[in-house]
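Since each chain sits alone in its own frame, please combine them into the complex, following the hints.
These protein sequences, in sequence, are chains A and B. Residues 1 to 289 in this note's numbering are what the first sequence lists, from first letter to last. Residues 290 to 660 in this note's numbering are what the second sequence lists, from first letter to last.
Take the hints with a grain of salt, since some may be wrong.
Said to hold, decoys possible - Just some of the chain A residues that point at chain B, by a computed CB distance under 8 Å:
1) T21
2) G30
3) T48
4) M124
5) G190
6) G192
7) T267
8) L283
To be verified - Ranges between beta-carbon positions, derived for each pair:
9) S233/A with A337/B: 16 to 26 Å
10) K199/A with I309/B: 42 to 52 Å
11) P179/A with L349/B: 49 to 59 Å
Please keep in mind that the hints were generated in silico from the structure rather than gathered at the bench. Computed from a prediction, not measured in an experiment: that's the story for all the values here. C-beta: ideal position from N, C-alpha, C; glycine also.
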Amino acid sequence: MTSTPLSPTSVSSVHKSPRFTLTRGLMYLGLIVAALFFLLPIYLLIVTAFKTPDAINLATTWQLPKFLNWASFSDAWAKVGGNMLNSLFLAVVATAISAMLGSLNGYALSKWKFRGANTLFALMLFGMFIPYQSVLIPLFQFIKSLGLYGNIWGLILAHVVYGIPITTLIFRNFYADVPDALVEAATIDGAGFWGIYAKVIFPISIPGFVVVIIWQFTQVWNEFLFAATLTSSGSQPVTYALSQLAGGQAVSWNLPMAGAILAAIPTLLVYIVLGRYFVRGLLAGSVKG
Amino acid sequence: MKRLSTDRLWAMAVLAPSIILLAVFVYGFIFRTAYTSLTDWGNDPAQAFSLTPIIRFIGLQNYHDLFTSGLNTRFRQDLVSTLFFTIFFIAGCLGLGLAMALLLDRNPKAEGLWRTIFLFPMSLSFIVTGTIWRWMLQPQGGLNQLLHLNPASNGWLTSRDSVWSFDWNKLPLITAVLVALALLWVGWQALRSAQRTRMGVAFGCAALLLLWALVIGPNVKLLPAPELHGFNIAFIGIIIAAIWQMSGYTMALYLAGLRGIPEELREAARVDGANEWNTYRHVIFPLLAPITLSAMIILGHISLKIFDLVFAMTGPDNGPTDVPALLMYITSFRQNALAVGAAIGTVLLLLVAIIIVPYLASQFRSQEGHA
Numbered sequence: 001m002t003s004t005p006l007s008p009t010s011v012s013s014v015h016k017s018p019r020f021t022l023t024r025g026l027m028y029l030g031l032i033v034a035a036l037f038f039l040l041p042i043y044l045l046i047v048t049a050f051k052t053p054d055a056i057n058l059a060t061t062w063q064l065p066k067f068l069n070w071a072s073f074s075d076a077w078a079k080v081g082g083n084m085l086n087s088l089f090l091a092v093v094a095t096a097i098s099a100m101l102g103s104l105n106g107y108a109l110s111k112w113k114f115r116g117a118n119t120l121f122a123l124m125l126f127g128m129f130i131p132y133q134s135v136l137i138p139l140f141q142f143i144k145s146l147g148l149y150g151n152i153w154g155l156i157l158a159h160v161v162y163g164i165p166i167t168t169l170i171f172r173n174f175y176a177d178v179p180d181a182l183v184e185a186a187t188i189d190g191a192g193f194w195g196i197y198a199k200v201i202f203p204i205s206i207p208g209f210v211v212v213i214i215w216q217f218t219q220v221w222n223e224f225l226f227a228a229t230l231t232s233s234g235s236q237p238v239t240y241a242l243s244q245l246a247g248g249q250a251v252s253w254n255l256p257m258a259g260a261i262l263a264a265i266p267t268l269l270v271y272i273v274l275g276r277y278f279v280r281g282l283l284a285g286s287v288k289g
Numbered sequence: 290m291k292r293l294s295t296d297r298l299w300a301m302a303v304l305a306p307s308i309i310l311l312a313v314f315v316y317g318f319i320f321r322t323a324y325t326s327l328t329d330w331g332n333d334p335a336q337a338f339s340l341t342p343i344i345r346f347i348g349l350q351n352y353h354d355l356f357t358s359g360l361n362t363r364f365r366q367d368l369v370s371t372l373f374f375t376i377f378f379i380a381g382c383l384g385l386g387l388a389m390a391l392l393l394d395r396n397p398k399a400e401g402l403w404r405t406i407f408l409f410p411m412s413l414s415f416i417v418t419g420t421i422w423r424w425m426l427q428p429q430g431g432l433n434q435l436l437h438l439n440p441a442s443n444g445w446l447t448s449r450d451s452v453w454s455f456d457w458n459k460l461p462l463i464t465a466v467l468v469a470l471a472l473l474w475v476g477w478q479a480l481r482s483a484q485r486t487r488m489g490v491a492f493g494c495a496a497l498l499l500l501w502a503l504v505i506g507p508n509v510k511l512l513p514a515p516e517l518h519g520f521n522i523a524f525i526g527i528i529i530a531a532i533w534q535m536s537g538y539t540m541a542l543y544l545a546g547l548r549g550i551p552e553e554l555r556e557a558a559r560v561d562g563a564n565e566w567n568t569y570r571h572v573i574f575p576l577l578a579p580i581t582l583s584a585m586i587i588l589g590h591i592s593l594k595i596f597d598l599v600f601a602m603t604g605p606d607n608g609p610t611d612v613p614a615l616l617m618y619i620t621s622f623r624q625n626a627l628a629v630g631a632a633i634g635t636v637l638l639l640l641v642a643i644i645i646v647p648y649l650a651s652q653f654r655s656q657e658g659h660a
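With the rest of the complex left out, here is chain B (with noise of 0.2 Å):
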């Protein structure tokens, strides 16, 4: 049906101030991001705010000097925190919201009261979730209290212990078998579901993987001298923080989810004579698994931005409880280096749309199917 061509110029008219504002607010700014960390704006802090900076075009210098100067451990370590957090923090949200959400639809008295108490931090600012869970943490305070835990074993945001330490230098190699495994899998989730070509390019790349760990792998080396990072201790009270936030979340997203199950489908599984058991397993969890990939994908980039949290609880020069969003921050505004700050963000880009560019291609994908 055709309309009137005014009409559809008017459309574009309304769209079009929004679409500029993104174009410049997001793209452009990214493109610029970009281009600032290839240059060596404020790596001479004189320079960084002169009315006529000098201001050279270095390459990637400055990326290769994060994942490999002896200056940049921080940033290395950050990298490594932000992995570990991303986990614990996605477990969490995912265990508790789940385990919340089964509960509520098992219809409790007084529903509505108790998903008011498991979602009302999802109001608050993650600045005064941090200064509640800062005053909770203090090794004389709330929690070690509450617990009867001993305030100097438990030192919470204040430990400077790290545990699961790795060489830094031996990156490449885990990344590489973590990465062929991962292949593998495919591979035999396609083998059984008799996808030829999908088989074979996972158990190639997969077997290449693995040749390069075994044969070069062990002797690539990134820096000079073994650099151990591992999981700090001193998260793990920001993680708690965090999923006592976020929590709710996943378990609106369960729970909406549960609710969309048809009762005929329960009723079905219990007269083929499943148990309570056997329908969660075979019924229940499975219709969950698009929600739970959905809440993961949300959760993660939540995650890998996580600033204000950190910033709230241990403050900005914390280096124990560092995430790169955070480094960024003190990178450029502190100290004024802003290439090696832009250098930072983009490499956070680049974390951030490995997670969200598929994410939002598949979303359109099946809409398109759709329509």
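So that you can see chain A by itself, here it is in the shape it has in the complex (with noise of 0.2 Å):
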């Protein structure tokens, strides 16, 4: 797997010029076929959440609607909007502590190798691919021992904890590209430990923490099972707002898809405008570099 770091952002077009034959004609069918797939089900996202209630029904299911019907957003922002501030407040304070951690033991373990250095990182690692079930028991105990259950705090500390691993992971490969002749070159001006991370790998880290604080901060915002847990009403998130708003039996459906596309738009606002970052980020989680 180490050859593949090649994002696919980075387009390196080396084949031939294309011309317009039978088979370019059904790769295109392929690719319209596959975007229909994707697409389909936002297009029904979008249309129904602007519907009136007595709008949605059977016949015009997939029509659009007659007049837009901005009362679902305001009406669904009412049921999650103080959720979505939760949410906001909870990525970005867990991804900075959690980006700032992986930062310096990212540089700690690729720049200052010692003994077992491999082996740590190997135990460190396997917190990230745990199923949370199997603490959220101990957990919950925990955290309600510290007196922070339904506290937004508990659920920082969770995410903190458990995103160590990634954001360790994503810092150590991208430093382990950082040659080590410049840090040397540092040792040998007289720069420590610190010195070297403040002169040298500080500087440079900025696409690093781009992709790191990307992927934790969508990560973070979409969590499901810690906010289900650890939270109670006040400091729900977004995501758990948004399935008691959607699991209800009698439901109204433009008020839950306005509700999806609120809680939607935020990451994927950040994919859109950062998208190559994003998938470094995504690739990272699966290929160790």
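Here's what the structure looks like:
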């Protein structure tokens, strides 16, 4: 796997210039079919969100709304708006702390290798693959005994700790590409552990931070199990609120659809604007570089 | 080259908080969950959250009950459901992901746009995806309308039907035969590459297992009566939603792999007279095999842990679409049967560890080789 850190966004086109032939026609047909699979649910999501409850019925499911019913969004915001702010606070704080920890860990593990560093790192990485159900009961008790149950800081603690493996992994692989000669040179200039971090490592870490921040923000924003277990009504993030909004029985579908759009917008925007960094985080989770 | 020891101490000091936190939150909590699963905490609901609960050590009784007691048919169905879910989910993601990567590798116009469309669900929460697809799959809703399907016979998530049922009592037998077949295949591979020891061990174990399956296996009874478990049709919709969300990920992996294949290799194959199909079959697909394996492992462990998507699509209490991760949550935090919940969590951890530990070990062994 070491040969595939190449992100698909860095296009290196070496193929022959495309001609329009039957195979290329079939290629576009395949692409269109695949795109329909991904986009039709989004089309339905948007048109349903803009309909009034009485306009949502069997015969007109796929038709455009007669007029845009913005009330769906204000109604949905009334139900999940506070939770969105919870999610925002949670994701920003948890991401900032785990990114900082990951950067320092990655630096220590890649530039100050000691005996057993790799084994230690593997043991740390295991923490990102475990099903959290296998730690949920003690975690719940622990957070409760700290007096943080139902408090957003309890949730932040959980996300910071279980975020350490992935942020460390991404930074460790990022710093592995920094030439050791740079570190050696700084050592000769008399810089120590912190001096090298401040003068050599940190200034070139911006892309690493972007990848980690985007990835971690998305993960924390989208997480559900901790959200459902460790919070009470005042501190629930948006994923939990959305599941409650959509879970009711006699539900009028424009409301959960509008709620889903609200909950999706932050991460979707980040993905569309900074997609290439998102893909790097995605690949980092499986490709150990 | 020697460095100042204070700097090395700083490196340790920087790592220490993370190591301590992970030691407690990962390994300490896993140990604690495993211990809890050996007690009767919460088997009497009154004791679950009392301030001074009476907790007794009961050994493996909870596990024994989960796999054989008449009260726990739901857990056994969940295990079977997870197995089917995993197979179809991985197959779907690999197939669709590879197809999309191969299409994009042919340099269509606006390649970045196509890629963005195929990958955007990865940035959504499983809860958002579940909410959308729950609406798509209403019997009177989107997909049936679009494809002109009869809502009465295509209930999707509301279906109660089950196919490919088998008796839970036959599970040891089926497992033994499947493992034996896998070992026979390993032995056959070893035979072809003339690895005598491996061949001997594989064939030997396979023979033992088959012998057991023939002589003792048919008489093993886990339960007093036959108990049928199969693939619940209601899962099809959830599998489609999961593939919708995750196939972009395999596409990204495959595309990175395809971009890593040097053009000279393809040229060489063409010079040797290979047509397009043969180039793929003999040059490109073999080079993608390690990526397929990684993707299977990552998708497999996601699939075993699947929880949010099911919660969002069919709620926490829909029997036909239950999975172990959801059952653990319900058992522990709704029914307060903490010890049983801990046992389910531990089973889940063991299933994930079977996949992940060898993966991590191999990744690091190959890295030591490079260093």
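Right, here's what the structure says about each hint:
no. : hint                           : result
1   : T21                            : violated, 11 Å
2   : G30                            : holds, 5 Å
3   : T48                            : holds, 7 Å
4   : M124                           : holds, 6 Å
5   : G190                           : violated, 10 Å
6   : G192                           : holds, 5 Å
7   : T267                           : holds, 5 Å
8   : L283                           : holds, 6 Å
9   : S233/A with A337/B: 16 to 26 Å : holds, 22 Å
10  : K199/A with I309/B: 42 to 52 Å : violated, 29 Å
11  : P179/A with L349/B: 49 to 59 Å : holds, 54 Å
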